[in-house]
Amino acid sequence: MAEKLLKWDEVLIGAAIKDPGNSKSYETGSWRVERPVWNPDTCIQCMFCWVYCPDSSILVDENGKMVGIDYDHCKGCGICVEQCPSKPKSLQMILEAQAKGKTEEELRKEVFSK
Amino acid sequence: MGKKVALTGNEAAAHAMRQINPDVIAAFPITPSTPIPQAVAQFIADGEMDTELVTVESEHSAMSACIGAAAAGARVMTATSANGYALMWEMLYIASGMRLPIVMAVAARALSAPLNIHGDHSDIMGGRDTGWIQLISENSQEAYDNLIQAIKIAENKDVMTPALAAFDGFNISHAIEIWEMEDDAAVKEFIGDYEPLFPLLNTDEPITHGAWAPPDWYFEHKMSQLKGLLNAKDVVEKVGKEFGEAFGREYGLYEAYKLDDADFVIVAAGSVCGTTKDVVDSLRDNGIKAGLLKIRLFRPFPFKEIADALQSAKAIAILDRVSPAGAQGGPLFSEIRSALYDTPTRAPIINYTYGLGGRDTQPKHINSVYETLKKIVETGKVEKQFDCLNLRGAWG
Numbered sequence: 001m002a003e004k005l006l007k008w009d010e011v012l013i014g015a016a017i018k019d020p021g022n023s024k025s026y027e028t029g030s031w032r033v034e035r036p037v038w039n040p041d042t043c044i045q046c047m048f049c050w051v052y053c054p055d056s057s058i059l060v061d062e063n064g065k066m067v068g069i070d071y072d073h074c075k076g077c078g079i080c081v082e083q084c085p086s087k088p089k090s091l092q093m094i095l096e097a098q099a100k101g102k103t104e105e106e107l108r109k110e111v112f113s114k
Numbered sequence: 001m002g003k004k005v006a007l008t009g010n011e012a013a014a015h016a017m018r019q020i021n022p023d024v025i026a027a028f029p030i031t032p033s034t035p036i037p038q039a040v041a042q043f044i045a046d047g048e049m050d051t052e053l054v055t056v057e058s059e060h061s062a063m064s065a066c067i068g069a070a071a072a073g074a075r076v077m078t079a080t081s082a083n084g085y086a087l088m089w090e091m092l093y094i095a096s097g098m099r100l101p102i103v104m105a106v107a108a109r110a111l112s113a114p115l116n117i118h119g120d121h122s123d124i125m126g127g128r129d130t131g132w133i134q135l136i137s138e139n140s141q142e143a144y145d146n147l148i149q150a151i152k153i154a155e156n157k158d159v160m161t162p163a164l165a166a167f168d169g170f171n172i173s174h175a176i177e178i179w180e181m182e183d184d185a186a187v188k189e190f191i192g193d194y195e196p197l198f199p200l201l202n203t204d205e206p207i208t209h210g211a212w213a214p215p216d217w218y219f220e221h222k223m224s225q226l227k228g229l230l231n232a233k234d235v236v237e238k239v240g241k242e243f244g245e246a247f248g249r250e251y252g253l254y255e256a257y258k259l260d261d262a263d264f265v266i267v268a269a270g271s272v273c274g275t276t277k278d279v280v281d282s283l284r285d286n287g288i289k290a291g292l293l294k295i296r297l298f299r300p301f302p303f304k305e306i307a308d309a310l311q312s313a314k315a316i317a318i319l320d321r322v323s324p325a326g327a328q329g330g331p332l333f334s335e336i337r338s339a340l341y342d343t344p345t346r347a348p349i350i351n352y353t354y355g356l357g358g359r360d361t362q363p364k365h366i367n368s369v370y371e372t373l374k375k376i377v378e379t380g381k382v383e384k385q386f387d388c389l390n391l392r393g394a395w396g
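Respectively, the protein sequence lines represent chains A and B. My numbering applies: residue 1 is where the first sequence begins, and numbers increase by one. My numbering applies: residue 1 is where the second sequence begins, and numbers increase by one.
Hints in this document: simulated from the structure, not taken from any laboratory. One or more of the hints may lead you astray.
Said to hold, decoys possible - Which chain A residues face chain B? A few, computed with CB under 10 angstroms, are given here: (1) D9; (2) A15; (3) P20; (4) I79; (5) V81.
Treat the numbers as computed from the prediction; the structure is a model and nothing was measured. A virtual CB, placed ideally from N, CA and C, is assigned to each residue, including glycine.
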């Protein structure tokens, strides 16, 4: 968080929050130990992952199709993988440490080529 | 103009609620405060008030309902005692942290065990750190007056903090006294309309209440909350004056009874102050300079004002209607002794626990306290810093 935090006499009374939807700016993705990797080639667009994701981290385009994962908010709980019905699963968890420095494309190859 | 009535302290509180006519009252019965919601229910059934009475299944739920309704933007009240108050404890912090000006009548009572339904201050003293404004009443008149003022204090824009007006269980809650009830319209005018700050029901300006604050926010919010509580001190004084102008009974932060030149001073809160005043009067008749400082505002504690008021004293006894529970003295004792540390007086200070679980405190017991204070001044020695009044067997 780069912005300057408010002082005690500047915060809103009662810890109320006036700007709706501000949880978008709270990036819970930093809590993650494991991350899901998505394979668009086998994904059947059933939207189970979208329904079950507790962090609304399944990205969907204007046509209602899943297009990826919001890693700023995904806490890595793994529910998406658990629920994915395709065989083989179109989502897999890998360790964050393993994902470090790699592009999504590289990770996909690594996880789904086996 | 007001009229004289002969009613109990609980009825005084219920009539204050009827005249305040809040939007919501959440109620769960517990002795000795049960007659308050009972009377309120009757008033509503009779069409004398149009408050939404929410009957809940516990005091925890009562306070939760109050918080929800207050966050929605309603003017909210409730009443409780003892273990019910203790069951609210978690929610009391949430009400004050969310800065919701809920007002509660507390018929103060002993906490179990052993089970006891009678008066003492275990409940309110147990909740003294919950961030609520605490007013303590001496009699039914004050229970009525304090509840009405509490609305105006709690809802002040600089305060926005919940407030409770306590009065001793049974001694006040169930005793019939003559007191003055003001006109409904005059009370209504005195408290004015309530304008909530951030009502949840205002869909034009969506608001989040009760969000979490991580370590980089919590501290700032708690200090902002503390400021609101501390602001209540000036507001209590201001509202006390306004109340005096409107109804002829003025209130301050504390009451000084023959205190100006007093050598021997008792500090106490609640119904025992009535007894103490009688004893002070008879001692004064005999030329003994006795005085009383009656605590009215306990939270926020006006330590400077109270310390200033005690400067003439040559010896001070502080009466706590609660066990010191392993501390050096009762809560009042600790506050006052601490307040005096920064002042020139080095008058000896002693502490008594009295009236636990409804134990009688009679003029002879108060007299014995003044006797002890006299002896301390004469001999310059404190034999017992802590003692009990009307306990079977000597303490210590």
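A quick look at each hint next to the structure:
Checking D9(A) against chain B: minimum C-beta separation of about 7 angstroms stays under 10 angstroms; hint holds. Interface restraint check for A15(A): the shortest CB-CB distance to chain B comes to about 4 angstroms, inside 10 angstroms, so the restraint holds. Because the beta carbon of P20(A) sits about 5 angstroms from the nearest beta carbon in chain B, less than 10 angstroms, this interface hint is met. At its closest, the beta carbon of I79(A) sits 22 angstroms from a beta carbon of chain B; the interface hint therefore is violated under the 10 angstroms criterion.
Below 10 angstroms, beta-carbon pairs count as interface contacts, and V81(A) has none with chain B, the closest being about 27 angstroms; its hint is therefore violated.
Against the hints set out earlier in the document, violations occur for numbers 4, 5.
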